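Position chains B, C and D relative to chain A; hints supplied.
Protein chains in written order, with the working numbering: chain A, 24 to 210; chain B, 700 to 817; chain C, 163 to 285; chain D, 10 to 146.
Keep in mind that the hints were calculated from the coordinates and are not lab data. If you're wondering where the values come from, they're calculated on a predicted model, not measured in any experiment. Zero decoy hints are in this set.
Stretch-level coverage of chain A by chain D, calculated; a stretch enters the list once three of its residues show a Cβ under 8 Å from a Cβ in chain D:
#	segment
1	33-45
2	126-135
3	161-168
4	178-190
Each residue gets a CB set at the ideal place from its N, CA and C atoms; glycine is no exception.
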Amino acid sequence: MIQTVDLTQYFDYVFMAMLLSVGIAVVRLRSLFAAVMLTGVYSLLSAVWFVSLDAVDVAFTEAAVGAGISTVLLLGAMLLTSRECNPVPASRHWAALAVVVVAGALLFYALGDMPVYGDPNSPANAYVGMEYMTMTVDDIAIPNVVTAVLSSYRGFDTMGEVFVVFAAGLGVALLLGLGGAAGKRED
Amino acid sequence: MTSIPILDFAVALGLAVAMAIMLARLFLGPTLYDRVLAVNSFGTKTVLFLVVFAVMVNRGDAIDIALLYALLNFIATIAILKFFRYRSLEVALSEIAIRRRDTGDDAQSDRSEPTGGA
Amino acid sequence: MDLMQFIDLALDIVSIAALVSGMVFVLAGSIGVLRLPDFYTRMHAAGVTDTLGAELIMIGLILQAGWSALSLKLALIGVFIFLTSPTASHAVANAAYRAGLKPHLKRFAPGREEEAEPTETRP
Amino acid sequence: MVELLADRFNYAVIIVLMMVGLYAVIASANLVKRLVGLTIFQTSVFLLYITIGKVFGGEPPILPGDVAHGYHAEDHFSHAVYSNPLPHVLILTAIVVGVATLAMGLALVVRIREAYGTIEDVEISDADYSSEVERGA
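So that you can see chain A by itself, here it is in the shape it has in the complex (with noise of 0.2 Å):
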């Protein structure tokens, strides 16, 4: 089922842990500093992985967008409001534990329909998106394929993500007035 067996296959494993023990931290610390800069390590940890996963155009986004712009956001939201959280109470730890486990039960229910890791045949992986990799030869005839669905086969796609990156810029600036007027405030 799995015709080749390269060595970087072997980091997922590294980088299965390494996330797990990261995520896991970010729930049981109580200092806001110190989660947000895990959220940080986060998603610098998946931008890594997504390289080994071939995935370089979104390790890119991800080390630009998720770990710097999306840490400097909430940095700057701890900022303004505490440092600190309170401890989770006992009644909704479990609470929330049962919701939790249930709901990661009927997924790991779901979980024998899923493709096999890494099969070149999957549904997935065998039909529309491997024609985009012959079709942009033909069509548009430049080397990055990502690049090129993602600007002139899905560029209505594109279109509709700008607009929504515009309409939360604008519900940012009216919640927090226009001006930068929010941070003067507090002081």
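Just chains B, C and D now, with coordinates in the frame of chain A:
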């Protein structure tokens, strides 16, 4: 001179172990500065890992990402330190001087002002 | 022909030595960051060995990659790490010192009579 | 069962990561911590998509220069193995939209802090309740 994939793989694994050790310090770190140091060092090791990985699989694209990380890591460290020194990311240097004059803290203002970020 | 082979072999050996010693430095620095007792000693371990280890690994990789655009980018990253890593270490240490973080001197001071006064004075 | 898990271990780990993020969203009372949990959940979903598109032994979906211009394309595609570019495109869009959502949520949190003086949701609902009692509702 050709690349030696097994050696690169071993070096990359060693760097991954170093990253994991940095994560341990990041979890434990008693003070804030320990955490900042651990994040900075973690970023350096990530850059090294990516570079070794790129040479191992002979792929030039990952080098660009490593370059981006190297830039981002440095800027992030300086930004976090500035944030915790001045409690704000948007304080201008002139405002810092005014604030110092108001609070009467003029002991080291002349020397520390030009460095700004640190 | 013979000389070329000899040069190739020599470059191989140098690059392997640089990579392995760089990895040893980075690992030693990491273990130091985990094991040393207080912030300033940890910073010493991280700042000093990281820079040296990173540069050694970069040199080893440049020798592997040969004369190409790849090794130009590698050299660029090497120069950048060489400039920024000490700067970041200095910034962290400066911030910690100005915030009033005291070194941990009790167990490791040479003479325990003089109770660690040189570091407590501010400039 | 064990074989099924061994072929899909990455999805199993990613499901656990998603559940860690979901736990942080549900359990933590602090609104910033809740958004941190949401970010972790989101990043895990990105990982799920990218691992679906991974092909073992494949290259990143970037064609060599001569193939992209149509020279010996047939020959190239008969032996080259690439990872699936389509999940990468979807996730590129999702990352940017995710940051826009995060910025919006954080702006709301900052606004809540200005209005209520706290970002713990228990205290916020207490304040709401007492103001309703005062109005006699």
